[in-house]
Amino acid sequence: MTADHRTSALLLFGVFVAITLAITTWAGRHRRGSAEEFYAGGRLFTPMENGFAIAGDYMSAASFLGISGLIALVGYDGMLYSVGFLVAWLVVLFLVAELVRNCGRFTLADVVAARMRERPVRIAAGTSSVTVSVLYLVAQMVGAGSLVALLLGGTGEAARAWTVVGVGVLMVVYVSLGGMRATTWIQIVKAVLLLGGTLTLTVLVLLRFHGDINRLLHTAAERSGHGEAFLAPGLAYGGDWTARFDVISLGLALVLGTAGLPHILARFYTVPTARAARRSVIWAIGLIGGFYLMTIVLGFGAAAVIGPDAVRASHASGNTAVPLLALDLGGGTGSTGGTVLFAIVAAVAFATILAVVAGITLASSASVAHDLYASLRRRRGGPRSEVAVARVAAVGIGLLAIGLGLLARDLNVAFLVGLAFAVAASANLPVLLYSLFWRGFTTRGAVWSVYGGLVPAVALVVLSPVVSGSPGSLLPHVDFQLFPLQNPGLVSIPLGFLAGWLGTVTSAEAPDEARHAETEVRSLTGAGAV
Amino acid sequence: MQPSNSGDVRYDDPWYDALASGWGESAGGEVPSARRRDGAAAPADVYLEVQRSAAFQEVRSRYRRFVVPAFTAFFAWYVAYVVTATSAPDLMARPVAGAVNLGMLAGLGQFLTTFLLTWAYARHARLRRDRAALELRWDTQELTRGRGGAS
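Sequence order for the protein chains is A and B.
Under full-length UniProt numbering, think of the first position of the first sequence as 1, with each following residue one higher.
Under full-length UniProt numbering, think of the first position of the second sequence as 1, with each following residue one higher.
Pulled out of the complex, with its shape left as it was, chain A reads as follows:
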């Protein structure tokens, strides 16, 4: 990438950062310091605004650059991700969004604690929520470091380290000063930018092939060197059975994990009613579905226009496919159009990371302050002091994420996103569904189902090939690998459900009929919802 690209991309980064800081200042002006304001942005967003914000929270740079790049390299197999990330939203729509909006106040633990003994349940759900958030956050921070290094050509260690620090500082500023209101608007702006950028590139790709999808696919297949096999599954995951089970495991984690992601659940509390939450999800499904369809076009487009070999030569896992495609579509290296499009793609990817990390930081600071701190501390403080704790927690989580991001900046952390989804699906989803739908569920069942999903998910990853035993592992020189799959979902998700069932049937206390009735009536009618 030439100095020209770098300057214009940096300029656009600067503009986006300035806009987001202005939003934060503006949102901070209106703040009254209440918990409602900080965690839920006053609960007065419209479904359309919240739908854009959900999409902005969900569509990560890994999707924008990663999935398209994967499709450009291996063809059809990359599409499996696009499908999983979208289908997951049906679980959210059918089983979670409205009911959670009706029963909870700010976090996942609110829903569970409403019918259980509060303290153990809050500590369990808070712990797993923070775990999911930190895993996801570190993946994004490291991704931001390598992305900026990649796009700006400054592959030096210092550039990457400073990017991690800069992203961390910015997200802490957004969250602790602007709370949910600033975070939401940043996500909306980001969603508009990302969808606009993706749409522009998609239209340009289709124009290049005169709208002939058939020719686009044929050209992609031809240039890939694999022929028609490029358009069918099997190039990446068609090897041994371990690889195939890994894809199935990841597919399950994606589909079931989304409904357990704390930063996604938090978004439903920013609208006034369950019906508004439903309509937000419908907006989000439309936007996210359109986005993932376009990533498929961009992926095959990159394969057809640039060719997989050129993509692989630029970056081994294909993350530069979309920027290279933009450069070519704009007129090629050295042309004004190419420079502008490239800079836009780079800035959009950066904006994407900032908005996602802000959402996660906010959700995890809510888990720390509202669930963990409030339970671990005997004397309960007022709501104002809880918000103060949440702001401090955002700073703490930011520092933790910067620290871990710096430590892990040279490691291949792509597995962390899959792991975050797997933990969410194994630890958060079972407890949430049991609480909402199972009359006989008890406190012990709730606690067991959280830890029974969380501990196996993390333990299996530690024992998996991503940590040790193969050349690409985090610790390539030692070998304590016992579990063959990279993603633990296939085993840990059933274990989470099983542990919840086991804890319930073995518990001595009888389920609380009255509080189950309250949860059920409130979840389906909205009675007493805040």
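Just so you know, the hints here were simulated from the structure itself, not pulled from any lab data.
There could be a bad hint or two in this list.
In silico negatives: residues of chain A with every beta carbon more than 10 Å from chain B [stated by the list, open to error]:
{"id": "1", "residue": "Val189"}
{"id": "2", "residue": "Leu199"}
{"id": "3", "residue": "Ala508"}
Cβ-Cβ distance ranges computed for the label pairs, FRET-style [stated by the list, open to error]:
{"id": "4", "chain 1": "A", "residue 1": "Leu475", "chain 2": "B", "residue 2": "Ala76", "range": "35 to 41 Å"}
{"id": "5", "chain 1": "B", "residue 1": "Pro69", "chain 2": "A", "residue 2": "Glu157", "range": "52 to 58 Å"}
{"id": "6", "chain 1": "A", "residue 1": "Thr506", "chain 2": "B", "residue 2": "Val100", "range": "51 to 57 Å"}
{"id": "7", "chain 1": "B", "residue 1": "Ala76", "chain 2": "A", "residue 2": "Gly196", "range": "34 to 40 Å"}
{"id": "8", "chain 1": "A", "residue 1": "Asp479", "chain 2": "B", "residue 2": "Arg65", "range": "48 to 54 Å"}
{"id": "9", "chain 1": "B", "residue 1": "Val96", "chain 2": "A", "residue 2": "Leu475", "range": "44 to 50 Å"}
{"id": "10", "chain 1": "A", "residue 1": "Val203", "chain 2": "B", "residue 2": "Ala120", "range": "29 to 35 Å"}
{"id": "11", "chain 1": "A", "residue 1": "Gly332", "chain 2": "B", "residue 2": "Leu91", "range": "38 to 44 Å"}
{"id": "12", "chain 1": "A", "residue 1": "Gly196", "chain 2": "B", "residue 2": "Thr72", "range": "33 to 39 Å"}
{"id": "13", "chain 1": "A", "residue 1": "Ala510", "chain 2": "B", "residue 2": "Thr72", "range": "27 to 33 Å"}
{"id": "14", "chain 1": "A", "residue 1": "Ala236", "chain 2": "B", "residue 2": "Ala76", "range": "22 to 28 Å"}
{"id": "15", "chain 1": "A", "residue 1": "Arg119", "chain 2": "B", "residue 2": "Arg65", "range": "33 to 39 Å"}
{"id": "16", "chain 1": "A", "residue 1": "Val203", "chain 2": "B", "residue 2": "Ala54", "range": "50 to 56 Å"}
{"id": "17", "chain 1": "B", "residue 1": "Arg52", "chain 2": "A", "residue 2": "Ile213", "range": "52 to 58 Å"}
Just so it is clear, CB atoms sit at the ideal spot from N, CA and C, and this is done for glycine as well.
For this one, chain A is given, so just place chain B on it according to the hints.
Relative to chain A, chain B alone:
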């Protein structure tokens, strides 16, 4: 820009049935109201009482009658898709038209069914659940307040 809300439900809709309305009917009509006894029960009992009311059970079974089959169907369809894509790539590679093969169709089919089920769920909730749930909400809140136990 926003999707229409239940305020403008059209009643000539074939999917709509009279049971869902409860609108403008007296509380003792065919949808029994939760507002029955005015005993001096504790607020917690209000929820038990509402939960046992026929009106609530109707709302709940409507929700479950849609969600359980729809969830099962799309989840089975998705798992079948992923398992087939990984275990039978040759089947997925079978050409259909031009460059489009069975795998492409199945993948796009996943997008299509997601959009269709979203639309069907929204429609079902709007026409068959929203109004009854809203009535129950006000009834329940009134009962809770009436017993001095508004949370």
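Taking the hints in turn, this is what the structure says about them:
no., hint, result
1, Val189, "holds (17 Å)"
2, Leu199, "holds (16 Å)"
3, Ala508, "holds (22 Å)"
4, A:Leu475 with B:Ala76: 35 to 41 Å, "holds (39 Å)"
5, B:Pro69 with A:Glu157: 52 to 58 Å, "holds (55 Å)"
6, A:Thr506 with B:Val100: 51 to 57 Å, "holds (53 Å)"
7, B:Ala76 with A:Gly196: 34 to 40 Å, "holds (36 Å)"
8, A:Asp479 with B:Arg65: 48 to 54 Å, "holds (53 Å)"
9, B:Val96 with A:Leu475: 44 to 50 Å, "holds (46 Å)"
10, A:Val203 with B:Ala120: 29 to 35 Å, "holds (30 Å)"
11, A:Gly332 with B:Leu91: 38 to 44 Å, "holds (40 Å)"
12, A:Gly196 with B:Thr72: 33 to 39 Å, "holds (38 Å)"
13, A:Ala510 with B:Thr72: 27 to 33 Å, "holds (30 Å)"
14, A:Ala236 with B:Ala76: 22 to 28 Å, "holds (25 Å)"
15, A:Arg119 with B:Arg65: 33 to 39 Å, "holds (37 Å)"
16, A:Val203 with B:Ala54: 50 to 56 Å, "holds (54 Å)"
17, B:Arg52 with A:Ile213: 52 to 58 Å, "holds (56 Å)"
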